[in-house]
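A.B. asks: Keeping their order, the protein sequence lines are chains R and X.
Residues 155 to 601 (my numbering) make up the first sequence, in order.
Residues 3 to 367 (my numbering) make up the second sequence, in order.
It cannot be assumed that every hint is accurate.
[Said to hold, decoys possible] Just the calculated beta-carbon pair ranges, DEER-fashion: (1) X:L97 / R:G516: 52 to 58 Å; (2) R:I174 / X:A335: 42 to 48 Å; (3) R:G579 / X:P206: 44 to 50 Å; (4) X:R149 / R:Q416: 47 to 53 Å; (5) X:Q338 / R:D419: 47 to 53 Å; (6) X:R56 / R:I162: 41 to 47 Å; (7) X:E289 / R:Y420: 25 to 31 Å; (8) X:G337 / R:D423: 50 to 56 Å; (9) R:E515 / X:A344: 55 to 61 Å; (10) X:E291 / R:D366: 22 to 28 Å; (11) R:I162 / X:L43: 49 to 55 Å; (12) R:S483 / X:R35: 22 to 28 Å.
[Claimed, not checked] Over 10 Å on every C-beta distance to chain R, these chain X residues come out as not near it, computed from the model: (13) T57; (14) D64; (15) D83; (16) S98; (17) E118; (18) L148; (19) T151; (20) H163; (21) L166; (22) S187; (23) W195; (24) P245; (25) E249; (26) L360; (27) L361.
If you're looking for bench data, these hints aren't it; they were derived computationally from the structure.
For every residue, glycine included, the Cβ atom is placed at its ideal position computed from N, Cα and C.
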Amino acid sequence: MSANAVPISTARFDADGHLIDADDRLAALNAEAGGAPGAFFAVPAIAAIVRLTHRLGIAIARRVTVGDGDEDAELVVRAEPEGDGVRLSVAGWRLHATGDALVTRARRDADFVRADADWLWEVDAQLRLRFVSPVEGMDAAALIGAPVTRLFALAENDAGDVPMLEALASQSRFEGQAATVRPGGQRVMLSGSPVVDAGGRFAGFLGAARDDRAEPMDARPVDGFGDIFGARLDKALRLPLGRIVANADSIAERIEGPLAEQYADYASDIAAAGRHLLGLVDDLVDLQAIERPDFEARREEIDLADVAARAAGLLSVRAAEAKVTIDRSGLGDALPASGEFRRALQVMVNLIGNAVRYSPEGSSVVLTGAREGDFVRVSVIDSGKGIAPEDQTRIFEKFARVDPSEPGGSGLGLYISQRLARAMGGEISVESVPGEGARFTFTLPGI
Amino acid sequence: MSGSTAQRTSGDDPFANPIFARAASASSRARRRRAAEVRDLLSDSEARLDERTRTAAGACLDAIVGALDRMIRARAATWLDEHGAHDAGGALATLSVDMTAKLADGGILSETALIEEVLGRVGEALLAERLPIDLAGDEGAGGLVLRLTASHDAKVSGAAHAFLAADAARRAEIDGEPSTGDLPSALRAHLAWPMVAILRAALPPDAMSDAALAHAAAQVVGSIGEVHPLEATAMRLAKALAPDADELSLLVTEALGDRRLSLATALIARALGTDYSAVREAMLDPEGERLWLVLRALDFDKPTIARIGWLLCEADARRSVEGFADQIDALMAVGQADAAAAIAELRLPHAYRDAIHLLRQRGIA
């Protein structure tokens, strides 16, 4: 439903930003928040809009989420100068379960739409094309500005409805709109989510088109992560996760203003969890890459001792937090080897990271290096609880965990590391006595 | 070459052993890595890219390199076909080269002008994406640029169509879709020649392939007019509109309300008589002062500057709208002539500004 269809509440403020009068709904909201006529509005986000309108001397609109009883209400607040004071009009009053505000939902919808797309399109409120992603064999650019029906011939569904037009009437999300692309006759399935402007007005749809001849996403073989699935997964997860991490970091760093300590801490937790998930996405993308039949690691001259020392350096903060020291004195001199620097570093970070994770407080992770015949090796030795003999093969399997009771981790790290080591002509091996720790050894061909 | 020859050669010339070449290249790679690590360690956290910008900039750079790679190969393959060298054309088409990685290894991607261009594009696209849509006064009309496509002035409607197409192509590029490779020709040259050198190194030595690659690179570098960069189409639309002072401020705010940041940038650049990138830099700077002075130099009134400041602050979490409101009265007290004098450097040619900046950085001027 459009925000415009909901009755609008109004209030007036004097030149100092004090409330002169308000209609019942706004007066009630103000009173619930502890405010009264003659004072500033008691909902800080609304008071801020009144103050800004006065200072900037222009009409402004913002969407504001306020607690209204047990639920959140999302308001479209518009303020404009009136004489010396400010006139406020509030529309919306959409109620959602707490935490599920309109803006968040619109953004999330848009991310889902993106994730499911072979290509994207966007239309304004009159269904004229604002954007079409480039598609082979079609002059998408020439269609910009044209009615969407010039691009798609929309079909009715079994119930005789045209989902896009139904959604236009209700200004809501739609999916399952069968259509034919006019230039070329390709059959596609369309979905879209509404775009709303700062004043809460419907401003069009952000939409996706999926090739209707292609198998649906979940019917594609998942084993080995088909390229398309991998690319989509990467795109669908990385952008929203990046946004979560960036926003949580901004909150934790109090960029927008002062914030109670525990909220800043929550935000740090959110950012940390987001980074963890980004790490998982990286693992899955790596997995997809290494399971491709033509996967090859580059062979360049690297110094495995230097790689191990850098990996230890990268993990020094994590080790300090876990009160574990990383002893690199056994790495010795340079260990020239053939391998890909980035991949070798990834392997070492994984091995040392595991060792730090499983080491008891106050203990050391010891790195030793040596040349043995045609190979060079670096061993990572921890004094954790060790790995039972029957598990020593299993831990290199896909989705296996060194200790399933431990939280975190994708169970892909050692599997990926072993595959990478082998792609570089090397190997990872493990020796362990339960209760006395473990020694993981990474070997590469020496030079 | 037999093993004994190799040994004898290395005995004659201690630097002929391939290990030295590998060590030399490994050492230059290590130096580059170290320099990047040092930069990362020392950069203050405000200057660090946020994750979204980093991801989008990586995707954009990849897309541009991919587009140029395809253009070069297609032209070289056509040339080889025309000259009867079908096998060499086939070899070129099936060659698998991680072009972005090779260019990065060769230090080619570290060119400041290239990175500035990519970050400028990405910053602009992400800021535009976050601008609040403001249909105020335009409800039902679908935004400024769509309206301009229906203009009776054929120059305006044509330029508006071209702008919309370029805007769509740019958005797709930032989203990681295939790019049109629309770089300024200096940057295209910066990339195209190393790219053919990389392709050459991966092919068997062959004079025909060399000639084809040289032909392809020259064509790609010189293919101005084939693709229309968003910046150029925006400037063309601004020129076609040729607004007077009153229309200008209205058009700039409408363009921002329509989330067409590049059109707003072009309108300001044209009015100021400078290049697009100078205004884009001021537009993207979260500190904002330069842009506010630019707007004062154009004699924009308080409601217009307030509207522009408000929209940019809403779109960019690093900017403080309260801080902007604190400044606005002091800004309005600056006279137009003083503002124009303060931003005079911005009106100089791009290369001139770069040279002044460089000398200043080195403490020479």
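A.B. asks: For each hint, tell me whether it holds in the structure or not.
C.D. replies: Hint check results:
1. One distance hint, 52 to 58 Å for the beta-carbon pair L97 (chain X) and G516 (chain R), holds here, with the actual separation near 55 Å.
2. Between I174 (chain R) and A335 (chain X) the CB atoms are about 31 Å apart, so this pair departs from the stated range of 42 to 48 Å.
3. Restraint check, G579 (chain R) to P206 (chain X): a C-beta distance of roughly 26 Å breaks the suggested window 44 to 50 Å.
4. Hint check: R149 (chain X) to Q416 (chain R), Cβ distance near 50 Å, so the stated range 47 to 53 Å holds.
5. Hint check: Q338 (chain X) to D419 (chain R), Cβ distance near 49 Å, so the stated range 47 to 53 Å holds.
6. As the Cβ distance of R56 (chain X) to I162 (chain R) is approximately 42 Å, the hint placing it in 41 to 47 Å holds.
7. For the pair E289 (chain X) and Y420 (chain R), the beta carbons lie near 30 Å from each other, so the given range of 25 to 31 Å is met.
8. At about 51 Å, the CB distance of G337 (chain X) to D423 (chain R) agrees with the hint of 50 to 56 Å.
9. The hinted window of 55 to 61 Å between E515 (chain R) and A344 (chain X) holds, with their beta carbons roughly 59 Å apart.
10. Checked against the given bound of 22 to 28 Å, the beta carbons of E291 (chain X) and D366 (chain R), roughly 53 Å apart, lie outside it.
11. Separation of I162 (chain R) from L43 (chain X) is about 54 Å and conforms to the stated range, judged on CB atoms against 49 to 55 Å.
12. Hint check: S483 (chain R) to R35 (chain X), Cβ distance near 24 Å, so the stated range 22 to 28 Å holds.
13. Annotated as non-interface, T57 (chain X) brings its C-beta within 10 Å of a C-beta of chain R; the closest such distance is 5 Å.
14. The beta carbon of D64 (chain X) sits about 12 Å from the closest Cβ of chain R, which is more than 10 Å, so the claim that it is off the interface holds.
15. Look at D83 (chain X): its CB is around 21 Å from the nearest CB on chain R, clear of 10 Å, so calling it non-interface holds up.
16. Listed as outside the interface, S98 (chain X) is inconsistent with that label: its C-beta sits roughly 8 Å from the nearest C-beta of chain R, within the 10 Å cut-off.
17. Annotated as non-interface, E118 (chain X) keeps its C-beta farther than 10 Å from every C-beta of chain R; the closest such distance is 22 Å.
18. For L148 (chain X), the non-interface assignment is contradicted: its Cβ lies about 5 Å from the closest Cβ of chain R, within the 10 Å cut-off.
19. Interface exclusion of T151 (chain X) from chain R breaks down, the closest Cβ pair being 5 Å apart, not more than 10 Å.
20. Not every C-beta of chain R lies more than 10 Å from that of H163 (chain X), the closest at about 7 Å, which undercuts listing it as non-interface.
21. The non-interface label for L166 (chain X) is inconsistent with chain R: the shortest C-beta to C-beta separation is roughly 4 Å, within 10 Å.
22. For S187 (chain X), the condition that its CB be more than 10 Å from all CB atoms of chain R holds, with the nearest at approximately 21 Å.
23. No Cβ of chain R comes within 10 Å of the Cβ of W195 (chain X); the nearest lies about 23 Å off, and the non-interface call holds.
24. No beta-carbon of chain R comes within 10 Å of the beta-carbon of P245 (chain X); the shortest separation is about 21 Å.
25. Every beta carbon of chain R lies more than 10 Å from that of E249 (chain X), the smallest distance being close to 19 Å; the non-interface claim holds.
26. Distance check for L360 (chain X) against chain R: the nearest CB is about 32 Å away, which clears 10 Å, and the non-interface claim stands.
27. Taking the minimum C-beta to C-beta distance to chain R, about 35 Å, the non-interface status of L361 (chain X) holds against the 10 Å cut.
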